[in-house]
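Enquirer: Sequence:
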Amino acid sequence: MDQVYNFDKSLQQRLREYKDVLNSFEVLPACNISKTWGFYLELTLDPNGWQAIWKLSRATCETLEIPFPTIVLVFVLSINYSTLQALVRVIAVQDDDIHLPDKHFVPLIHLWPTKIQDKSVALNLYATANVIDMLRFFYTRLFMPWDLEDEDTTDWRTKHLQTRLRLFYDMNNGVIPKVTSNRINYLVTEARRLQSKKDIIQLDFNDEDDFDQNIIETLADINLSLCEIRCEMEILEDPLLRKALIKRQIQNVIEDDSKEDKIWLFHQSSPITNIISFLEKAKQLYPNEKINIQQNFSLTLEYGGSKDTYVLSEGKYEMNTIGALDFGGTLKGIGSCVDTVLVSNKEDIMLDFQHQSVVENLTIDASSSQCAAFVRRGKVTFSNCKIFGDGRSTTHQGIIVLGSGELELINCEILGFHTAIIGNSGSKITMKNTDVHNVNFGLKIYDKSCINAEKCTIRYCKDYAICVETENDSNTNTPTVGGFDVLNVIPEVKTKFISGGNNVKGDVLINYNYPMNAMEDLFSIRDPTISEGPSEEDMLTDEENQEATDDFEKTVVENSRNISPATV
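Under UniProt numbering, the final residue of the sequence shown carries the number 568; numbering is consecutive throughout.
Derived by calculation from the structure, the hints in this document are not laboratory data. Keep in mind it's a predicted model, so treat the numbers as computed, not measured. Glycine included, every Cβ here is placed at the ideal spot set by N, Cα and C. Each hint should be verified, as a subset may be incorrect.
[Unchecked claim] Below are the DSSO-like pairs computed for lysine-lysine, each with C-alpha atoms no more than 27 angstroms apart in a straight line:
no., residue 1, residue 2
1, Lys262, Lys290
2, Lys198, Lys159
3, Lys316, Lys290
4, Lys379, Lys428
[As the list claims (entries may be wrong)] The calculated label-pair distances, taken between Cβ atoms and stated as ranges, are:
no., residue 1, residue 2, range
5, Leu203, Asp485, 48 to 58 angstroms
6, Asp212, Cys31, 24 to 34 angstroms
7, Pro491, Cys31, 39 to 49 angstroms
8, Glu280, Tyr303, 24 to 34 angstroms
9, Phe205, Glu289, 52 to 62 angstroms
10, Glu454, Ser336, 20 to 30 angstroms
Start from the sequences and build out the full structure, keeping to the hints where you can.
Expert: Here it is, written out as structure tokens:
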């Protein structure tokens, strides 16, 4: 976003900055780091009177029951240095249909100070933006959930600062292979999710008498998973161990490239006649090829080759790996699409694609995941697939396509998401004989996203079948609503025999978005008391709203991937 301050710093710059923050004590245990940051912010951060862009986290959007992503322009009323939060007042929301409470407690790391401020306010916003950037980078890239478990005699700065900074910059500069970088990102994201889940459970059950056996087992599973992630991350953080691991991975890639493409067959326990029938169908598809029969579906996906084919019999298959089709391959079911089901216990992205892939004749149950499929780059084809979400969440998304990605949907059915398909700027989406229904938005696209839809139906949408978000010049700021013929004004969108029905707000919305700029004459149009600290009456209001905004009471650190405008 051009209207906010952005920083691109070297490792040496970051290291100097964090030494300035953390050098207050000879030994700095992890439990004192938040307090140390609070002291530093009191000296360097403007306490109030500035505007910022607030990027709501997915968890916050879920709590407020609003779509994700949502961006808000806010005015900072005060800073709580002990919790690293700001009390803010909402000035404007990017989506006019979204209505938020007037004030919120927001983690500072979710705020981006704007370059433009009220003309009557003389503040050094560059310094404020810089220190918030330092704080955000620290808590999203360097500080890990398990750090607080270290002993009070352990100096966090000596043990972790340089090694974790080096790890980040090695990932960012391509020194670490992409597959390892993806693994690290996944581990950190999963650890933060597990820690957040653990904190919520412990907050809800402070009294030991309230802990039943299921809760105890859940906490034990979470702690075990966190320990496993910590052990793996400690290996990856160590430069010597990481070098040895990368060397082994490169060797495995070289060996994999020399191997022929494999065909893997998976069959679940069933009568012998069903197994014979499955093998006969496989023989018709691959009469002369060598096949490999496996039982562990997830493990095979993680370590399979980039051009391998995975053939499934009817049954339910759990995907518990991050490497599934990450670098290409074909995944297909033999038999009934409805009876060949993929499920996942992953709560973020179920299928993450970076190379050419094909998914065929399967049902994908993404009701537990925030996103069913994420197409980062390469062409991904779904053929004769049913993809469904939980049907309730305001943040769950079906398929997200980034600018370097291409999506093809053939004879597919998609339902149960807030937004079924999202095409970011530069993406390509082809849809043929596809039915999208029972969602809020069927298709949401941004400028320069190329769409080709033929013989498709988008129906029973709670909002619109198709939403086009554009910043192109228009004679009016008023959104355009109409039938599918309205899309004729968008040259990148081509439709043929597309239909809808029972779309609550309309078939098509063309929304003319303009950058959300800060206000230079804020005080002339708002209540002048906005510049003051919260009054007793205000604080009473905040307490009344606490239940609705409880998510803001905690500094929730999320994985930060530079994906815009539709992120996970």
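Enquirer: So, for every hint listed, does it hold in this structure?
Expert: To see whether the hints hold, each was checked on the structure:
Proximity of lysine 262 to lysine 290 is assessed by CA-CA distance (about 8 angstroms); at most 27 angstroms being required, the pair is judged to hold. About 25 angstroms separates the Cα atoms of lysine 198 and lysine 159, which keeps this hinted pair within 27 angstroms; it holds. For the given pair, lysine 316 sits about 25 angstroms from lysine 290 by alpha-carbon distance, which is consistent with the 27 angstroms threshold. Among the hinted pairs, lysine 379 with lysine 428 is consistent with the structure: their alpha-carbon atoms are about 9 angstroms apart, no more than 27 angstroms.
Roughly 52 angstroms separates the CB atoms of leucine 203 and aspartate 485, a value that falls within the hinted 48 to 58 angstroms. Taking 24 to 34 angstroms as the suggested C-beta distance range, the pair aspartate 212 and cysteine 31 conforms, at roughly 30 angstroms. Proline 491 and cysteine 31 have their C-beta atoms about 58 angstroms apart, which leaves the hinted 39 to 49 angstroms range violated. At about 28 angstroms, the CB distance of glutamate 280 to tyrosine 303 agrees with the hint of 24 to 34 angstroms.
Phenylalanine 205 and glutamate 289 have their C-beta atoms about 55 angstroms apart, which keeps the hinted 52 to 62 angstroms range intact. At about 26 angstroms, the beta-carbon gap between glutamate 454 and serine 336 stays in the expected band of 20 to 30 angstroms.
Checked against the numbered hints above, the structure breaks only hint 7 and satisfies the rest.
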